[in-house]
Every structure is written in structure tokens, then in C-alpha cells.
Amino acid sequence: MALNISYFAWVRERMGTAEEVVDLPADITDLTALLAWLAARDARGALAFAEPHRIRAAIDGVMAGAGAPLGEAREIALFPPVTGG
Amino acid sequence: MALNISYFAWVRERMGTAEEVVDLPADITDLTALLAWLAARDARGALAFAEPHRIRAAIDGVMAGAGAPLGEAREIALFPPVTGG
Amino acid sequence: MIRVAVQAAAIDVGAELDRHDAGGHGASASFIGRVRGDGGLTELFLEHHPVLTQAGLRDLAQVAAERWQLAALTLIHRVGAMAPGDTIVLVLASSPHRSEALAACEFLIDRLKTEVMLWKRETFEDGRAAWVEARVGDAVRAERWS
Amino acid sequence: MIRVAVQAAAIDVGAELDRHDAGGHGASASFIGRVRGDGGLTELFLEHHPVLTQAGLRDLAQVAAERWQLAALTLIHRVGAMAPGDTIVLVLASSPHRSEALAACEFLIDRLKTEVMLWKRETFEDGRAAWVEARVGDAVRAERWS
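Here the protein sequences line up with chains A, B, C and D, keeping their order.
Using the working numbering, you'd call the opening residue of the first sequence number 1 and step up by one each time.
Using the working numbering, you'd call the opening residue of the second sequence number 86 and step up by one each time.
Using the working numbering, you'd call the opening residue of the third sequence number 171 and step up by one each time.
Using the working numbering, you'd call the opening residue of the fourth sequence number 317 and step up by one each time.
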């Protein structure tokens with residue numbers, strides 16, 4: 001499954017890119033699995049996703065919890081807790 | 086005792102003046118007695134001070150309660166509850 | 171830096187903001203109260219005491235400055251005759267911390283209503299004029315801070 | 317009348333105030349947040365999401381407009397690189413009633429901290445740069461409203 005992933009703040013810096021299109025294995029069906037897959041993929045992923053509890057996500061523009069299913073998602077944003085205001 | 090009295094808002098309007106100097110009888114020694122004396126003095130005073138619980142006062146620039154002694158007061162301000170802001 | 175004023179002239183919010191902000195502060199909270207034209211109101215007249223009104227504002231400002239960590243505080247009250255839309259009161263409170271600025275601003279506007287020597291008279295388009303009665307709700311809001 | 321913006325350009329508080337006030341409202345509460353130069357900070361960089369940041373601000377504004385009686389609401393957030401003293405966020409809330417304007421303003425600034433997709437990176441005069449960590453206190457303040 002082709003999926004657009006965008007990264008923000010220190011997740012973006014550690015991944016060395018703001019976005020990419022990944023071809024996701026069929027057995028990666030929820031956010032937890034996605035983060036583990038990215039962490040195992042390469043050194044950058046290992047650095048960015050070593051602590052998955054520090055990662056927040058939006059699936060197709062909607063905030064999603066850790067175990068959220070990816071379903072037919074087209075775009076996923078991964079980022080640290082927000083610090084605006 | 087010569088005393089400066091100033092009036093504000095509807096108390097001023099009913100008294101027909103913003104301030105006056107009164108020569109106070111010796112037995113008028115507190116605010117309650119002063120309001121009663123003003124109410125008994127003439128028709129304007131009767132109108133302004135018919136409901137003494139609606140009157141607030143400052144003695145020499147300091148807010149004073151209903152039974153406050155006049156003491157050596159030089160200036161008394163009489164007015165309705167404030168409605169600023 | 172505390173600035174307090176009681177004035178018959180229109181309140182220039184932009185100029186006051188510039189003056190207040192000259193130092194640059196982390197957080198600024200403000201409150202602007204304007205004359206409302208409800209019920210056909212054509213004029214709001216605000217009576218004040220030549221000495222005690224200013225003293226009351228200054229006392230309030232001091233209380234706020236002791237209670238919260240404020241970098242700057244501006245408290246301007248207009249008096250005399252005003253039309254609907256005119257700014258009647260301006261509160262600006264600045265602090266390194268937003269919660270301090272917000273709390274001080276709210277405190278000041280609540281207390282202004284019940285503690286400063288000011289009296290409102292409303293005139294309506296049918297010619298009716300009446301002094302505004304003190305509201306119980308204002309006293310209750312002001313009490314929250316004690 | 318709700319106005320929401322996410323912009324890299326400097327926030328012109330005076331112009332926003334004029335625009336917001338065009339109708340004239342009983343009470344206006346505002347909050348201005350500025351970049352603080354604490355600890356030798358030289359630059360604050362604010363990262364945003366090209367779509368979701370604006371959507372988050374708009375959602376917040378809608379929640380406030382449903383919860384309080386507001387005549388006008390302005391919510392402007394700056395993004396990108398800023399220097400100490402720069403205005404980073406502006407909230408303006410107007411209502412016929414002061415308590416509604418004040419509460420909406422405070423609600424918005426509290427929620428902005430925890431709900432809108434924005435990330436701060438601080439750079440200091442010694443060259444150190446770090447992403448700001450989310451603060452528990454902000455989450456607690458934001459929770460007060462739920």
C-alpha cells in the first residue's frame with residue numbers, strides 16, 4: 001500500500017526529510033506497527049521512533065491514538081506533542 | 086462645626102448642588118445622624134436621603150460605613166453605590 | 171510601570187498599547203469596555219470624584235501589582251459624556267507569564283465595577299434619563315477575588 | 317464574525333484591532349503573546365502543518381463561538397523565524413458581555429498551547445538549538461475547560 005508520510009519538528013529533523021511515499025507491507029495495519037516498521041527500517045527511523053510514546057499522529061487530517069488502524073489511509077503525519085501558543 | 090459636603094450622581098441632582106458648607110449641630114456626631122439631619126432640613130434633603138441604606142459615604146477621602154463617627158471630619162462625600170467599569 | 175488615568179478625552183487604544191508595550195513583554199492581556207447602544211441609548215454620562223476616582227484606580231492597580239507578577243499595567247477610565255461605541259475603560263496587563271496577565275486583567279475589570287467612584291447615567295432616544303443601579307452580579311464577580 | 321490566520325508575516329496588532337472592532341462591541345478581551353528573550357534566546361522558530369494548523373485554529377474558534385456569546389473573534393498565529401519581542405499570537409474576543417469575552421479569550425490561549433499543530437524550536441546566543449518540550453502545566457490549564 002502506498003502511503004504519504006509527513007514528519008514535523010524533531011521527527012522531521014531526525015528523518016532527514018519532511019515527507020516521503022512509502023510502500024507499506026500488508027501486515028502493517030495500525031500506527032503502532034507503522035512506528036515499529038519505520039524504527040526498524042534504517043538508522044534515521046531508529047533515531048526518530050526509538051520512543052514511540054513521544055510521537056503523535058494524524059491520519060488523513062484527523063488526530064489518531066497509538067493503536068489506531070491505518071485502514072484506507074492516504075496521508076499520515078507524525079510529530080512530537082505540540083508546543084504552540 | 087463647619088463641614089464640607091459634596092454630592093454625586095442622583096444625590097447631587099436631588100440636592101440641587103454639587104457641594105455645600107454646613108454648620109453642623111453639636112449632637113450630629115455620626116453618619117446616620119448626618120443623613121437624618123439632612124433629610125429633615127428641607128424638601129431636597131428629604132428626597133435625597135429618604136432611603137439612607139442607598140447612600141454611601143467617604144469621610145476625608147476614606148470610605149465609611151453607616152454608623153461611622155464624624156470625628157474631626159472636614160469633608161464628606163455622599164453618593165449612591167458606584168456603577169463604573 | 172503603572173499608568174493610571176481618568177480622562178474626559180477619548181481613549182486612544184492604539185497609542186496606549188504602544189506606550190504600554192514600549193518595553194516588550196512576554197504576555198499582554200487587555201480588556202476594552204465600550205458604550206453599548208442597547209435599548210436606544212444615545213448618551214452615557216459618567217460622573218466621577220475629582221480626587222477619589224483617580225485614587226481608587228491607583229489603589230486597585232497597586233493591589234494587582236502586588237498580587238501578580240506584572241511587567242506593566244495600564245488602567246484608563248473615561249468620564250463625562252460618551253456615545254455608543256466609545257471606549258469607556260481600558261485595562262492592559264503584561265507579564266512574563268500569560269496566566270498572571272490574564273488574571274490581573276480580569277481582576278481589575280471586575281473590581282473597577284464595584285470599587286471605583288464612578289456613576290453612570292443613561293439617556294435614551296425617547297428623552298428618558300436614569301442613573302444606573304448597582305448590580306448584584308457585579309458585586310458577586312468582584313467578591314471572587316477576596 | 318470569525319477571522320483566523322496562520323502567517324509568516326509580522327502580526328500588526330493595531331490593524332487587527334481596527335478590523336476586529338469595525339462593528340463596535342460592548343467588551344473586547346485580548347491576549348498578545350510575544351517571544352521572550354530569556355536565557356539568551358536569539359530566535360524562535362515555529363513550525364506548522366500547511367493544512368492542519370489552520371484547521372485546528374478554525375476548530376478552536378468554532379468551539380469558542382458555540383460556547384460563548386461572541387460578536388467577533390480573531391485568532392492569528394505567526395509561524396516561521398521570530399526574534400525576541402515579536403508577537404507570536406493574537407487573540408481578540410468581543411461580546412456584549414465582559415465575562416463572555418474574557419472567558420473566551422482565556423480558553424483560546426490555553427487550548428492553543430495544547431491542541432494546535434505548532435512546534436517551537438529555540439536558538440540561543442551560544443548556538444545551541446532545541447525543540448521545546450510540551451509542558452504538563454499547559455495540558456492542565458487546557459483541561460480546565462473540558
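Some hints could be false.
[As the list claims (entries may be wrong)] Not everything, but these chain C residues come out facing chain B in the computed CB check (under 8 Å):
#1 ILE181
#2 VAL183
#3 GLY203
#4 GLU217
#5 HIS219
#6 LEU222
#7 HIS247
#8 VAL259
#9 ILE279
#10 LYS283
#11 TRP289
#12 LYS290
#13 ALA304
#14 VAL306
#15 VAL310
[What the hints assert, rightly or not] Each pair of labels, with its calculated beta carbon distance range:
#16 D:HIS413 with B:VAL106: 22 to 32 Å
#17 D:ASP354 with C:GLU236: 19 to 29 Å
#18 A:GLY67 with C:ALA309: 45 to 55 Å
#19 A:ARG44 with C:GLU313: 26 to 36 Å
#20 B:ALA118 with C:PHE215: 24 to 34 Å
#21 D:GLY396 with A:TRP37: 24 to 34 Å
#22 D:ASP375 with C:ASP188: 27 to 37 Å
#23 C:ARG314 with D:ALA325: 31 to 41 Å
#24 D:GLN378 with C:ASP188: 25 to 35 Å
#25 B:THR114 with D:ASP334: 55 to 65 Å
#26 D:ASP334 with C:GLU313: 49 to 59 Å
#27 C:GLY297 with B:ALA118: 20 to 30 Å
#28 D:ASP354 with C:GLY207: 42 to 52 Å
#29 C:GLU313 with B:ALA131: 57 to 67 Å
In case anyone wonders, no lab produced these hints; they're calculated from the structure.
Here a beta-carbon is modelled for each residue, glycine too, at the ideal position from N, C-alpha and C.
Of the hints stated earlier, which fail here? 1, 2, 14, 15, 16, 19, 26, 27, 29
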